[in-house]
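Visitor: Sequence:
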Amino acid sequence: MISDATIANAVKTALATDPRVGSMDITVYSHRGRVQLQGDVSSPSQIRAAEEIARSVPGVVGVHNGLRVAHVASSAGAVEAA
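Note that the sequence shown covers residues 513 to 594 in this note's numbering.
Keep in mind that the hints were calculated from the coordinates and are not lab data.
Small disclaimer: the values here were computed from a predicted structure and weren't measured.
Treat the hints with caution; some may be incorrect.
With beta-carbon atoms standing in for the labels, derived distance ranges [stated by the list, open to error]:
1. A517 to H583: 28 to 34 Å
2. I514 to H583: 21 to 27 Å
3. R560 to K524: 15 to 21 Å
4. G578 to D530: 17 to 23 Å
5. M513 to H583: 36 to 42 Å
6. V573 to T529: 20 to 26 Å
C-beta atoms are modelled at their ideal positions from N, C-alpha and C, and glycine is treated no differently.
Between the sequences and the hints, there should be enough to build the whole structure, so can you do that?
Guide: Written out as structure tokens, the structure reads:
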């Protein structure tokens, strides 16, 4: 059986090296092979990609995807607020 630390590290590495989500700050937890993803990403497609990547890692038996799309204020809104 693969340890949860090994699974979490493998998922983190897989996410970091995939160009679809590599630059995103995603936190990964694993408990009995069930992986939890948390953090903010730029788009719904990155949420789907991160889950797909996590599921592909050996030892992962399930994924709870807690990722969200970050709402970034537009530059026009930032100027108006200033």
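Visitor: Compare the structure with each hint and give your call.
Guide: Structure-based check of all given hints:
{"no.": "1", "hint": "A517 to H583: 28 to 34 Å", "result": "holds (33 Å)"}
{"no.": "2", "hint": "I514 to H583: 21 to 27 Å", "result": "violated (36 Å)"}
{"no.": "3", "hint": "R560 to K524: 15 to 21 Å", "result": "holds (18 Å)"}
{"no.": "4", "hint": "G578 to D530: 17 to 23 Å", "result": "holds (18 Å)"}
{"no.": "5", "hint": "M513 to H583: 36 to 42 Å", "result": "holds (40 Å)"}
{"no.": "6", "hint": "V573 to T529: 20 to 26 Å", "result": "holds (22 Å)"}
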